[in-house]
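Dock chain to chain to rebuild the complex, using the hints, since each chain is given by itself in its own frame.
Spelled out, the chains give:
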Amino acid sequence: MPLAFPLPSDLSPATVTNTASLLRIVTLCFVSGAAIASRLFAVINFESIIHEFDPWFNYRATRVLASKGFYEFWNWFDPSAWYPLGRVVGGTVYPGLMATSGVIYNFLHALNIPVDIRNICVMLAPGFSALTAWATYMFTKEMKDESAGLLAAAFIGIVPGYISRSVAGSYDNEAIAIFLLMFTFYLWIKALKLGSALFGTLAAVFYFYMVAAWGGYVFITNMIPLHGLVLMLMGRFSSRLYVAYSSWYAIGTLSSMQVPFVGFQPVSTSEHMAALGVFGLLQIVAFTQLVRSHVSSKQFQNLLFLALISIGVLGFFAMVGLTYKGKIAPWTGRFYSLWDTGYAKKHIPIIASVSEHQPTAWPSFFMDLQFLIFVFPAGVVLCFQQLRDEHIFVIIYAVMASYFAGVMVRLMLTLTPVVCVASAIAFSTLLDTYLDAKEPDDAEESTNVASPPSDAQASASKKNNKSAKPAAATPGNALTDLVAAAGKTKSKGIYGLDTRLAIIMNAIGMLAFFVWHCTWATSSAYSSPSVVLASTNPDGSQHIIDDFREAYYWLRQNTPETAVVMSWWDYGYQIAGMADRYTLVDNNTWNNTHIATVGKAMSSSEEVAYPILRKHDVDYVLVIFGGLLGYSGDDINKFLWMVRIAQGVWPEEIQEPNYFTPQGEYRVDDMASPAMKNSLMYKMSYYRFSELFGNAQALDRVRQQNVPKVGPTLDYLDEAYTTENWIVRIYEVRKEDLLGRDLKSANAFAKGKKRKRSKPAVSRRRSLK
Amino acid sequence: MILLPLLALCSLPLALAASADTHQKLVALAAAGGGVIKLDSDTFELLTTPNRDWSSSIHFTALDIRRRCSPCKEFNPSWIQVAKAWSKIRSAERDRHFFATLDFDEGQAVFQKLSLASAPAVYIYPATEGPRATNKAPLKYDFSQGFEPEPLAQQLSNHTPIPIPYTPPFDWARWITSVAGLLAFAVTIRFMSPILQSRWTWAIGTILTALVMNSGYMFTRIRNSPFVGGDGSWIAGGYQNQFGQEVQVISLVYGTLGFAFLMLIMIIPYQASGQRQRLQVYLWSSIIMIVYSILIVLFKVKNRGYPFKILL
Chain A
1 MPLAFPLPSD
11 LSPATVTNTA
21 SLLRIVTLCF
31 VSGAAIASRL
41 FAVINFESII
51 HEFDPWFNYR
61 ATRVLASKGF
71 YEFWNWFDPS
81 AWYPLGRVVG
91 GTVYPGLMAT
101 SGVIYNFLHA
111 LNIPVDIRNI
121 CVMLAPGFSA
131 LTAWATYMFT
141 KEMKDESAGL
151 LAAAFIGIVP
161 GYISRSVAGS
171 YDNEAIAIFL
181 LMFTFYLWIK
191 ALKLGSALFG
201 TLAAVFYFYM
211 VAAWGGYVFI
221 TNMIPLHGLV
231 LMLMGRFSSR
241 LYVAYSSWYA
251 IGTLSSMQVP
261 FVGFQPVSTS
271 EHMAALGVFG
281 LLQIVAFTQL
291 VRSHVSSKQF
301 QNLLFLALIS
311 IGVLGFFAMV
321 GLTYKGKIAP
331 WTGRFYSLWD
341 TGYAKKHIPI
351 IASVSEHQPT
361 AWPSFFMDLQ
371 FLIFVFPAGV
381 VLCFQQLRDE
391 HIFVIIYAVM
401 ASYFAGVMVR
411 LMLTLTPVVC
421 VASAIAFSTL
431 LDTYLDAKEP
441 DDAEESTNVA
451 SPPSDAQASA
461 SKKNNKSAKP
471 AAATPGNALT
481 DLVAAAGKTK
491 SKGIYGLDTR
501 LAIIMNAIGM
511 LAFFVWHCTW
521 ATSSAYSSPS
531 VVLASTNPDG
541 SQHIIDDFRE
551 AYYWLRQNTP
561 ETAVVMSWWD
571 YGYQIAGMAD
581 RYTLVDNNTW
591 NNTHIATVGK
601 AMSSSEEVAY
611 PILRKHDVDY
621 VLVIFGGLLG
631 YSGDDINKFL
641 WMVRIAQGVW
651 PEEIQEPNYF
661 TPQGEYRVDD
671 MASPAMKNSL
681 MYKMSYYRFS
691 ELFGNAQALD
701 RVRQQNVPKV
711 GPTLDYLDEA
721 YTTENWIVRI
731 YEVRKEDLLG
741 RDLKSANAFA
751 KGKKRKRSKP
761 AVSRRRSLK
Chain B
1 MILLPLLALC
11 SLPLALAASA
21 DTHQKLVALA
31 AAGGGVIKLD
41 SDTFELLTTP
51 NRDWSSSIHF
61 TALDIRRRCS
71 PCKEFNPSWI
81 QVAKAWSKIR
91 SAERDRHFFA
101 TLDFDEGQAV
111 FQKLSLASAP
121 AVYIYPATEG
131 PRATNKAPLK
141 YDFSQGFEPE
151 PLAQQLSNHT
161 PIPIPYTPPF
171 DWARWITSVA
181 GLLAFAVTIR
191 FMSPILQSRW
201 TWAIGTILTA
211 LVMNSGYMFT
221 RIRNSPFVGG
231 DGSWIAGGYQ
241 NQFGQEVQVI
251 SLVYGTLGFA
261 FLMLIMIIPY
271 QASGQRQRLQ
281 VYLWSSIIMI
291 VYSILIVLFK
301 VKNRGYPFKI
311 LL
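In order, the protein sequences belong to chains A and B. Quick note on numbering: full-length UniProt numbering labels position 645 of the first sequence as 645, and the sequence is numbered without any gaps. Quick note on numbering: full-length UniProt numbering labels position 208 of the second sequence as 208, and the sequence is numbered without any gaps.
Worth flagging that the hints you see were computed from the coordinates, not collected in a lab. It is possible that some hints are incorrect.
[What the hints assert, rightly or not] Stretches of chain A that chain B covers, calculated by requiring three or more beta carbons in the stretch to come under 8 Å of a beta carbon on chain B:
(1) 14–20
(2) 388–399
[Stated by the list, open to error] Derived BS3-like pairs: lysine-lysine, alpha-carbon spacing no greater than 25 Å straight-line:
(3) LYS88(B) to LYS677(A)
(4) LYS751(A) to LYS638(A)
(5) LYS140(B) to LYS73(B)
(6) LYS735(A) to LYS709(A)
(7) LYS88(B) to LYS638(A)
(8) LYS113(B) to LYS136(B)
(9) LYS88(B) to LYS38(B)
(10) LYS140(B) to LYS677(A)
(11) LYS141(A) to LYS190(A)
Where is the CB? At the ideal position from N, CA and C, for every residue including glycine.
This is chain B alone, in the form it adopts within the complex (with noise of 0.2 Å):
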């Protein structure tokens, strides 16, 4: 019985050795991937050998174009970046946690042992030995706060030595576009300023943004919602859903509506003719009849239960 520990106390200087070893290969994977270890079936037994002092956040993708994996492409760069920042600091934390892709092409056998079904997907293998050692098992994450290298790095750190040290890349491009806007209104503002002083402007200004508020645009912006459904239908079934497609329908018939009432206020009463008035009251107001009923005809698609109708 007391052999048991013995046998494993002296393999212990063995395992340490090997893994000291595996250490010193894996760095310089790392070190040639440009801060990602490229993963094989292999290497990847390597990185989450059981016993290891060192924790790995894994990278499962599927990259290659025949797999049609558009969220693998667009999570890479973001996944680069962050291994990127993680590749600068100084090495004696650096080489306690490291960053590996491992395309589903490469390492197949891998995905089917871990049953993924679906990429990307990032694991977390903490360190089982040294001081960082835990005995947890591999953590998934949580990519509810979508692909953005901000998150990522965020929740990453919390398993690393030390915070990575993510700063988020200077946007040149927008910084460039808004000084060059502001460049271009300052050398038109000359001609610009009639335009700008005009109230019919601003008026015009101000129902649009009313107009695209009141039909429901913030609600497309918050929610993501597609323009269309799909299936085809522009129209979302359900009291509180709806398309990209509704907010412009809605903002046409209320701007038609509206625009029908202005016409009946502002400019009818100063007609000259009598007979072209009266034309235009009926125009304008079988206008209004009609693009009313096919607004409550659409509100009826929304609100099942609504009990009125005008014409339609």
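Bound conformation, chain A alone (with noise of 0.2 Å):
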């Protein structure tokens, strides 16, 4: 065969694969380093600090885990979170996360490297990022080879789609999670390959760590069995499933209850069902298998496989029944509501109004996921042309991903890994298949004798075209010629070294572009803690805009120990992990009537509003108002969800309709309706805030409108603090009138407005009406 390019022919096979593995583990420790790197924009931009609002509760439990020890976190109920009910955190978290952050810094502190605990936390995520590179590398090795390891360990080592949930700070369950669910995958396709019961452990141990890491382990439950089911309804059962899936299962359930806040779902809920009836199905085929080698009967090998069928289906129609019955208990909402998408808005408004729960648009799809989104089809395809064990794995994972990822934006996460695997798959092909230097033995010959007949019937195509009778002819000829093409056997390869340049340059050119698109999306749009904002100043420096913690730590410095902080669930984590006072509800939405309180007391008006804080011992009220600065994530524009969330538990009080407009909008303006207007969370928003332009108009910069010239006033709050921009706005809940006046009039007898004795007559009609 003819080289397309000279190649080095003097060197020996031993130095060959010690240079491409010398290369290989350089290649995977800049991987690593680019991943890691890639995720500090944060820290370099800001400091360190931990993001958002659950990494805030992770940080307080770890810290909690580092100064008392493991037995103190296990056994730690907080009296602070949802006030007065307090939180049994030990039963009530993953705790994978904190275990992994109290090894590490456990393990530092004995090397005597004094690392605080917040930096290990920040890290973790970046850290793990690199370890999840690894995990990817060896996973897409068992695909198809080192090199489209090395490539798909580049792509989730730097892919928007994972970063958005592991810039350094953003400590949260996900951080460690991706990493297992790659290497529990990884170890299960190892024990599939080579039918081992010790990698079978393994992925059943790293099982455990996933379950005790993060809720999405339910993935993990369901793909594996799916898997075996398929492999096994394709007639591939062997005893390398039944030994890999069996150890796996049996070790991993097992473990997996260990977990306090797991317990006894895995023999009892709807989610965990399919592992136990693959598992019971395994059982009975690996039983037939064996009937079937000792009897060679045909109608006995019938009656074995119609006894199979009908063993599976009475084992599928009895879990229906009791699921039915509420033995098993159905499915947990949240669950439910990837499957009925219309679910969760009818039944469960506080998953609906998650923003991370929302339906997936398109171009978060190609944010995340960039050129990767269209290569990964071909990858599938590919997959399909082997369609080894392993390959119907990722096939499966394939499609359940892509569902999941367009109900839910936050399970991009999970079809990120097999989008990258997938397009390693085809993008490593593509450069094998063009970097190779054989060229194939030129058909020259076949080709003079194939071109007369289709230049013939090229030509009798035009002439038939000419004589105004158009012919199907030319596609018809161009199609036969690519299924002979693909139908050969013959030889493959590439002639010429333009076309290779062609190609790779292509290659070479996209996977730059990824690159900067990749560090263009997680510096601009992935890095932000929004704990801290920053805006740019007209002269294009940067401004950072501090208010919450501003809000947090005069919290902390001026009300007592046991000052209760009323806001709405989003705040619940950083007010106490930043301001370290109680709250009433949190992000840890586990009562839904208690958030349905806070809401209730937020949407109602003063007078409805005060026993329930008062009886809630609430001290401060915590809102967040972005009119003044534009920032839109602010309580009112989360008001609707507040409403909806109070309505689902109080129909008859509170009313969604009530707080629009009759024409049906939503408007904060004069023309807001007089619910809106008399709602607490209105008048601690708008308090005072017309003060602020004097004479001119006060506008709402978030919803563009103008703002009454007279604002609300309030008489059962008083306003306590409000931050330099205005964002976070805090009131102090005044305690009952010392001389038994309801406080509305004590304070307007404290203001001078004495009854008018000039206008008797009307406030007589008052009082009548």
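In structure tokens:
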């Protein structure tokens, strides 16, 4: 075979393998470095700080774990959350993340490296992203080869779909969960390939770690059984499958039940039933195989086959019946809303209200995956071409994850690994094909023989065209050629150097574009801590808006330690983490009624809200207001969800339509509905807002509406603190009047508004009304 | 001063008698309408008389074709179904709550009096006397859960003496279709099995699913986004929004690009003629370049701050 470009011929095979493996190690190191480095934008642009909302709780829990030890953490009852109920943290948390940080902390301190626990928490996600790249390399290596593995590792290292959840400071369960997901899958594939109980057990151990770390472990719980089931349906049952699955399921399930938050769910809830069912089916199939190998009668085999199917069907119906009877718990709401997409909106507004539970529009897919999103289908087709057992896994994973990512934005995270793997398979096949120096034998003779008839045909079709008789001869011809080319098992290869260069330059260009895109997306979209906001001054320099911490530190330094702060649940963890005060509700949204109570207090008038506040010992109320700065994630924009959630519990007292104008618009200006204007939330947001503008019209920059000149008045609350940019406003709840008057009249008295004797008639008419 | 309560006391039996009379009339009207009282301005006053020991839910609608109220037509069957479910229970409870419909053309005055600007609307008038008396104002039913009968029955049940025994009608069409589909499948399985066992059938299915899902199909399903915009534009502005047609365009773009890659990987290397292969390499490479640029342009429409471009 001729070569397209010269290759060195004086290399021993040993040199080539050694160099290749050295290059692999170096490349993996560079990939890890890139993965870590690109996640540090947040630390460099801002500071080493915990981001967003949930991470603040994880951080707080980790601090307890690090300072008091694991047993104290396990038994930790937190009285300051969900006041007055409190929260049993040990039993309501996935402890994997905190335990991981705790182990790292203790390890480093044992080595006398005095690292602050905060820095471990901040840097945990970037660190684990390097491990994820390695796990993806191992996984993809099983699918194709090392070069595809390296590409996949590079892809997952910098792809925004994964970075969005794992920048430095985003100290959340997902930070370690994706590594565990990929590594468990790798071990499963390895166990299946080798039929090894050792790898099956290792898969179970990492499955346990995953269960301890993230609620999304259910994805593994269903992916592996589904893979096993499809393999059986395709007639690919083997003792390897039996050994791998049985060892994984038995050990994995038993160990997963050791996590208190999971408990007996693996044998009682519907999410886990698929794994149990496949386990049972596998035993039956294995038994059948055993019997078949000892019995030769054809009838008996048929009988067994029938028995197998009927047992399977019966088992399925038994499971449905048990679910119906309530012996097996039905699907949990969050899981159910994945399948019946209208379910959450109807029944559990609290799930529907979370922004990361919204469905995904296509720009998010492109933003998060860029060119991988369209190379990915090609990779899946290549898996179909090979169709070994492990390729079936990738195919199932691709379909399931595509669906889930479409339903919920946050599940883009589970789609990202498979997209990286599949597109790495496609891309590396492309590079393999066009980098190969071998040229096939020039088939000039055969084309010479073949070309005259095709020329004749083409000219004939041209003639046909001329004679106004359009024929489909040319496309038909091309198609037959194509099929023939695909069908022939003759030499494969690329002719010439220019074609190679064209493809390779193209590919390099695409990869470079991908790197630019990822860097841009990471730095501009995914690296904001959301605790600290950044804006640009007119001269282009960065201006930091630090209102949240300003407010939380004010609370910390100016209020008694037992003060109860009421806010919408989004800010519960931050208040607990930064201000260290009691909160009514937080991001662990386990008690819908409690949240609805807060929603009711926020959405009803002061007179109605005051008894609720007093009954819950609320000292301070905190609202987020973006109207001055144009910060759109504020409470007035979330207000309708508060109304909806409150309406779910008190449909008589709170009704969503009352908060719209008669025209059905959501307004905050003069036209706003009375219920809106009287609501505590509205009053607290716009209290004294118009005074800022002097004589000019007060403008709410988020809603782009003019706020009434005469702002709302407050009788039951006092403004306690408002931050620099008015983003956080804190109000103190007044105590009952000492003289027993209601606060409204007491207030009026204090302001010196006496009953006016000049207009007695008016007031009498009013009292009659 | 004593006279006033006395007078009231005297008039009480009278009022009771009157209301009992009205009640009989309403029961008769409900029976005549098959569970729903067809109201006009006069009977509306009767039904919502200030002294009533019954509650009622009143459906305001405009069913006349000239009014062009398509939501009214959509909601009306649900209303009738729920009312029918209510009319089937024992009369002791049934006659304590009435279902009534007032068409716009029958009682414009009432619509004006209640300043109703849109139809359909459902108001619940609670009882003002008797054991279930409350002094609450009429409640408006919230259509946020759609026009389906289930949420309607569920919500109204909060205001009726006993819950409305509404069960959704058996969906015969769906069952027959699925049974027929299964039968057809069983009959044709002999001919279908080669197709079903071909991996490429499954490959096509998988790829199509992935393409459609990755183009935001579920978003349009869940959000019920329209196929095209009101002004005829097919691409929605905004990063977190899209129309139905975008799913088709984007999946076509992704599909073309993926197909081009497959051509480069799976077909072109097997070409026997060097010249033809070269042509195809350049052809598909340029297709990738052009379609990719178009994709970037489309993405720039959605995300205006995107700083990159390829050709266009």
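Taking the hints in turn, this is what the structure says about them:
Only when three residues or more bring their CB closer than 8 Å to a CB of chain B does the claim for the stretch 14–20 of chain A stand; here the count is 0, and the claim is violated. Only when three residues or more bring their CB closer than 8 Å to a CB of chain B does the claim for the stretch 388–399 of chain A stand; here the count is 3, and the claim holds. Annotation: proposed proximity of LYS88(B) to LYS677(A) is violated, straight-line Cα distance about 44 Å (limit 25 Å). A distance of roughly 34 Å separates the Cα atoms of LYS751(A) and LYS638(A); the hinted pair therefore is violated under the 25 Å criterion.
Simply put, LYS140(B) and LYS73(B) have alpha-carbon atoms about 19 Å apart, close enough for the 25 Å limit, and the pair holds. As the CA atoms of LYS735(A) and LYS709(A) are separated by approximately 29 Å, the hinted pair breaks the 25 Å bound. The straight-line distance between the Cα atoms of LYS88(B) and LYS638(A) is roughly 43 Å, outside the 25 Å bound, and the hint therefore fails. For the hint pairing LYS113(B) with LYS136(B), the CA-to-CA distance comes to about 19 Å; that is within 25 Å, so the pair holds.
Taking the CA atoms of LYS88(B) and LYS38(B), the gap is about 18 Å. The hint holds against a cut of 25 Å. Proposed proximity of LYS140(B) and LYS677(A) is supported: the alpha carbons are some 20 Å apart, at most 25 Å. A distance of roughly 11 Å separates the Cα atoms of LYS141(A) and LYS190(A); the hinted pair therefore holds under the 25 Å criterion.
The structure shown violates the earlier hints numbered 1, 3, 4, 6 and 7.
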